[in-house]
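Chemist: Input sequences plus hints: build the corresponding full structure.
Residue numbers (this note's numbering), protein chains in the order written: chain H, 369 to 707; chain Y, 350 to 678.
Hints were generated in silico from the structure; no laboratory data involved. C-beta: ideal position from N, C-alpha, C; glycine also.
Computed list of chain H residues with no C-beta within reach of chain Y, every gap over 12 Å:
1) Asp498
2) Ile579
3) Gly609
4) Thr625
5) Asn661
6) Leu704
Subject to a maximum C-alpha distance of 27 Å in a straight line, what follows is the list of computed DSS-like cross-link-like pairs (lysine-lysine):
7) Y:Lys438 x H:Lys483
8) H:Lys576 x H:Lys376
9) H:Lys420 x Y:Lys493
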Amino acid sequence: MEVNMSRKIEMYKAIAEGISQVMENDDKVFIMGEDIGLYGGIFGATTGLLSKFGSERVKDTPISESAFIGSAVGAASKGFRPIVELMFVDFFGVAMDQIYNHIAKIHYMSNGNLKMPITILTAIGGNYSDAAQHSQNLYSLFSHTPGLKIVVPSNSYDAKGLVISSIEDDNPVIFFFHKGLMGLNWMTLIEESIQEVPESKYTIPLGKANIVKKGEDITFISISRMVYECLNAAKELDIEGISAEVIDLRTLVPLDTDTILNSVRKTGRVIIVDEDYQNFSMSSEIVALISENLGLSLKTNPKRIAYPNTPVPYSKVLEKFLLPNKEKIKQTAKNLIGG
Amino acid sequence: MNELNNEKLIELYEIMLKIRKYEERIGEIYYEEKKPFDIAKGPIPGELHLSSGQESSAAGLCIHLKKEDAVIGTHRAHNFAIAKGVDLKRMTAEIFGKSTGLSNGKGGHMHLFDPSVNFSCSGIVGASFPQALGVGIASKFENKDYIAIAVGGDGAANQGTFAESLNLAALWSLPVIFLIENNGWAISVAKNKSTAGNICDRAKAYGIPAECIDGENVIDVYKSSKTAIDRARRGFGPTVLEIKVSRLRGHFEGDPQIYRSQEDFDIAKSKDPVLKFESYLLKNNILNHQQMQAIAEKVDSIINEAIEFARKSDYPSPNEALENVFYGG
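Modeler: Laid out in structure tokens, this is it:
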């Protein structure tokens, strides 16, 4: 087992491996979605599952998101633990009723008499010119709805542990994987997302953030692909004598408020970096949390670098202009510390 | 077992009468403390959609069901809840928003959940169809013969979920019955102004057998349901049953029904399935007036007991509103 620890795999393989190991252990788990069978999922998250488990437990569905995501409710009511894949998060509109009026609320509306252990896998993120209807992040929108847990991993090690925790959780969980982190050979990759992944089954608890870099002067709070923009900014700032702490939240619901507040209490300065739309969002929520708890003890006002409330444009230059990046983070940090 | 003998006919009658009397009583209580009309006041606040006139669809079908079979109802679901065997006391307490209700007052009349008899319902039109598919998938996984009934109105047949679910149910040969309670109205819009063609014909396009039944005769509902349920249990896949029923009350209580002609009311009343069945039972000497009176008294007493239970129960503690958002806190 020790030897295998050196194995580095891409995030898509880590997710598929996690799903596979849960399916081996628990015959109540099955998976449905578009192109998840032979194709292995458009972003690879179900690679190899069909040949291992067969077409009863790995079901290719028609393009009928309401029907197959809604069917998870009925299967869960009979004691199953369905996994469904919503190919792009951008497509949630056609199935949102089943997600937010049923999957999210049935546990509450039944006063806890029914459980909905459903995992929804979905792809997020842009930066490859797929424009307004295939590039969004939208995890904030789902975080706003009571009853859903929200998981947004940034690397293959976390992705495997978190996907296992998601499926084994007795609540509905939406697991957002960023296309740019999956390790697909047809998309620019962030190499650091490929990490050592144990072959054995392991879990990472939902609601536990990861401090990916320690620092003293300022805290960068982020999730998913933006963690790397923060890390790269922090590395360059180190050279300039500014020590930044970088937090990867890993999950938005539950939110690890202790880790956030402890870090900002220490540094007194914070930037929230978010690839999702800025208004009424993850970044808004964290600023509110910090303001309500730390308020006047901060050295400077909290800052946000998020995607402006603008649909995602097609042209490379337009999209890149709007995305948060290392340079924006560095500049904002220097302004906060200098001024 | 489900042979339509006299005993079965009387059982059907008792279920139908229970639904009718329950709805009429709940309808009266609804207006307590609501004058001038204020939807938030009284022992039963909020919207209330009563199912008077739709007794035959629920009774005629549910009498064949087992506890393991799931019924997923609509916003107008008291008829199916009663016919499926949901505990009337706890259901009534839920409608009153009390702590002894099915969900401690968190669901209310449109969101009744009783997992002990596999009953649920929803305030969203057309939401039942996909959910029933999942029960069907589970049944096949487990190699069991339980089935799912997705109830929807004629209005729900115009939702995309209906088309999506028909396709998937046929494709995977799922043990699901799509029961369309066609009462002719989607709130205020008449079916002929909202719905092209015949609903049953839509099923045929997916290769799903369908039957259109006149709900004024519960025996017809009973027979067609039996065929559909047998098919589903034996692994032959879904059926669509469209049952033409009469909505004897408004869409919701307090609905002035300005859109409805006197003629439409008269036709609805002339097709009253409870009265029709009473005449049938009398004419065929299955029950006499005295026996009917005894059944009515029995049903009244069950309903009174449920209402008394609900009235006397406490409201939940306000802070319980924060509980059960997530399993395990």
